[in-house]
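*Asks:* As a plain string of letters, each chain reads:
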Amino acid sequence: MKIEKKEGTDLIISVKGLHKRFNGNPILKGIDFAVKPGELISIIGRSGCGKTTFLRCLNCLEVLDSGRLRIAGVNISRGMDKFKKRSTRFSKIPGIRFQKKLPELRDATLDEDFQLKLHTLRTRVGMLFQSFNLFPHLTVLQNVILSPMIVKKETKEQATLRAVQILEKVGLEQFIERHPHELSGGQAQRVAIARALAMSPQVMLYDEPTSALDPELVEEVTTVMRNLNKEGMTQVVVTHQMNFAESASDRIVYMEDGQIVEEGPPDMIFSNPKDERTRNYLKILND
Amino acid sequence: MSLKYTKKLISIIVILLFACNHLLAQNQEKGKRPVLRWAADAESGAPYAFQDPTNPLKLIGFEVDIIKAIAEELGMDQEHVQNQWDGLIPGLERNDYHVAINGLEITPDRERVVEFSLPYYITYEQLVVRTGEEKDITNLSDLNGKPVGTLKGALAERILRAAGGIIVKTYDSEKNSYTELEIGRLDAVLIDHPVALYYAGWNPQLKLAGQPIGEVTYGIAMKKSDTLLLNKINGAIKKLKESGKLREILEHWNMWNFMMANYMKDPSSSNIPRKGFEDFIKQQKKELTFKDYFDRYVGFLPILGQASLVTVGLSIISMIVAILLGLFIALTRVYAPAPFSTLAVAYIEIVRGTPLLIQLFFIYYALPMLGIKITPFLAAIIGLGCNYAAYEAENYRAGIFSVPKGQMEAAISLGMRKIQALRYVILPQAIRVVIPPITNDFISLLKDSSLVSVIAMVELTKAYGQLSSTYYDYIGTGILVAILYLLIGLPFVKLAKLAERKYSPELKSQMQNGKSRTYFTGVSFKRLKAFLK
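Read top to bottom, the protein sequences are chains A and B.
Per our numbering, the first sequence starts with residue 44, numbered consecutively.
Per our numbering, the second sequence starts with residue 4, numbered consecutively.
In case anyone wonders, no lab produced these hints; they're calculated from the structure.
Taking lysine to any residue pairs in the SDA-like style, the calculated list, with each CA pair at most 25 Å apart, reads: (1) Lys79(A) <-> Asp318(A); (2) Lys195(A) <-> Ile422(B); (3) Lys244(B) <-> Asn234(B); (4) Lys212(A) <-> Gly275(A); (5) Lys500(B) <-> Leu330(B); (6) Lys408(B) <-> Met242(A); (7) Lys160(A) <-> Tyr427(B); (8) Lys408(B) <-> Ser174(A); (9) Lys155(B) <-> Gly213(B); (10) Lys160(A) <-> Ile422(B); (11) Lys500(B) <-> Pro179(A); (12) Lys212(A) <-> Gly81(A); (13) Lys450(B) <-> Leu360(B); (14) Lys195(A) <-> Leu425(B); (15) Lys61(B) <-> Phe297(B); (16) Lys421(B) <-> His162(A); (17) Lys421(B) <-> Gly116(A); (18) Lys196(A) <-> Met411(B); (19) Lys199(A) <-> Tyr427(B); (20) Lys71(B) <-> Leu60(B).
Could you put the whole structure together from the sequences, leaning on the hints where they help?
*Replies:* In structure tokens form, the structure reads like this:
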């Protein structure tokens with residue numbers, strides 16, 4: 044599966060030169076990434092390698108500092124100027140560090156049209172969290188129909204009808220009147236998936252969806268994800284479940300130190316990794 | 004769901020507003036004659052202006068008789084306006100009433116602020132000691148180094164301080180000082196003679212001692228520039244003096260003294276009955292049976308009931324103001340950009356950090372100087388509401404922060420706007436955290452509402468003060484009022500518990516176990532199933 048493609052209409056996600064820093068510390072150092080519709084991508088790597096931040100950048104829970112992001116038809120791009128300018132603002136006189144008074148850079152992310160873009164993006168991209176983040180004050184059904192009703196302005200009947208169908212798909216039609224605290228972890232995560240699906244997303248992003256689950260419950264969540272894959276849903280999963288990554292993914296991405304080190308089909312990554320760093324990581328896992 | 008509750012809530016507010024307005028307005032419908040509005044604190048006690056012990060709804064006293072006689076002379080109707088004694092003079096500034104008559108001594112300080120009529124009564128300060136000590140203590144010099152009580156801010160206090168060497172203890176209520184004397188915390192009390200006569204004269208434990216001290220002149224106070232009114236009142240007082248009506252009133256209350264005889268150049272003796280005084284003494288000396296007490300407290304109920312209504316109405320409306328305003332301030336503080344959030348913080352710190360009493364005074368007495376005149380009820384609601392809003396804002400903030408960050412992220416990831424996420428996801432969860440502290444604050448507000456008596460409102464605590472000073476019965480009335488506060492508060496505690504259950508599914512599902520559940524859509528599960536088929 045080659046990904047050396049031009050940015051065209053057949054790519055549902057494409058990322059170029061994505062940078063992200065927190066408090067001046069670079070977390071993501073120039074990431075290029077592309078996904079075709081219907082692919083299931085697993086992102087693996089050590090803790091702190093930036094894979095979660097990368098996923099959060101994909102639906103702009105963290106807004107990238109620079110680079111270009113195109114996902115589900117929404118274009119987000121920001122320049123490098125902010126950081127470059129800042130570095131030249133110091134005095135050239137040796138030994139004296141004072142900042143020249145330059146006009147404050149306006150935070151473009153607060154602009155109305157930028158916010159509108161983010162809003163559009165999020166209605167098209169679903170996101171799942173390690174801790175499910177179900178709304179505890181609402182029942183399962185209410186969790187699923189809330190967003191379609193208030194964001195897409197669907198009627199209660201439409202939303203409920205669809206919600207019940209989706210909940211049937213994830214095998215939870217019996218639980219629609221329960222509250223989240225009455226569910227097991229696996230059920231809760233499946234409700235979260237149903238809740239995201241109710242918005243009819245084009246892409247689903249998962250941030251370690253099974254790592255808070257008891258081992259015997261992992262399967263019920265991954266099964267849902269495999270089924271979605273069969274239906275042609277584009278999915279990007281940050282995971283530590285190597286079994287799942289190996290057996291379900293179309294492609295594996297290995298990240299280290301804020302960069303994508305290597306990517307390829309599962310059999311290639313797991314049996315014949317090209318990069319030294321990938322080999323080291325997998326060796327630790329196998330030990 | 005919210006619509007139904009909002010409707011209910013609105014109708015409750017409307018009813019309360021009407022009830023309160025009715026209470027405040029009921030005295031205003033009178034005949035066609037012009038009305039002389041006069042202020043006195045019914046808590047000031049006998050013989051000035053106090054509730055008739057046999058009928059607590061009626062105000063009596065020698066000042067009541069005098070102002071009635073004056074109004075009659077002027078061909079006017081009269082109407083009493085209740086105000087705290089300290090607030091009598093500021094209230095003139097607000098044009099709440101025309102005159103104030105309530106044992107206001109004519110002093111140079113007061114004359115600078117208000118106009119005084121001719122004196123309507125002249126008296127002196129009277130020493131009172133414990134029975135058996137009247138021979139040892141006959142004047143101020145006998146009290147050197149001893150504790151002596153008096154009324155705060157009265158002429159007697161100045162006399163005591165000027166004497167030097169006396170330990171001066173001041174009280175808000177003269178009756179308290181006599182109680183202190185009886186139980187031995189004071190060695191003497193120096194107060195205006197009528198008070199001594201009415202509250203110590205009949206008490207076998209206490210004795211009036213020594214010679215008259217100083218001279219006290221009472222005048223009717225009115226606004227500085229009102230010369231027309233001044234002339235009318237002075238004319239009426241002169242007529243009352245000449246016709247003997249003034250003497251008749253004073254004799255009725257046993258208040259005629261040598262100073263008045265001098266002032267009116269009338270040394271004759273008289274045999275006018277002293278019925279007002281005798282009735283009062285009879286009432287005080289009466290050995291009360293259980294039935295008498297019962298009848299007395301039943302007699303209190305109309306007054307206390309009315310006062311409770313004011314307390315309840317005031318507290319509920321103020322709390323609604325506080326809850327709504329507090330929410331707005333909390334959201335501004337947490338989510339608004341810099342200048343607005345800073346303003347919200349400033350509001351909270353200033354309002355929380357300054358005394359409610361001063362805020363109430365400011366709203367009631369200072370705003371009218373800027374041309375904004377508001378009724379006591381409105382002032383009380385604004386004062387209490389805005390004050391408690393600061394506390395509620397902090398409660399909400401705590402509630403908002405108690406909701407995990409992931410909830411907002413999940414809501415936003417689902418395409419909700421921040422405001423929608425707040426409305427549907429964050430606030431409903433914050434509410435259940437916030438209900439207990441808000442209930443707490445409501446109970447606290449219920450009691451803080453007693454502070455509004457300083458701005459001419461008669462609520463439960465003020466009614467307590469009035470009744471207890473009339474009957475000299477602090478304990479029984481106190482217990483009655485305390486029970487009323489408790490009874491008022493309890494239903495709201497219960498309500499809060501229900502609300503807490505409503506907003507926390509863990510408790511709710513325990514409660515509803517076995518019962519048919521409904522969605523917030525209002526559709527039961529069975530009906531939904533049927534609908535889907």
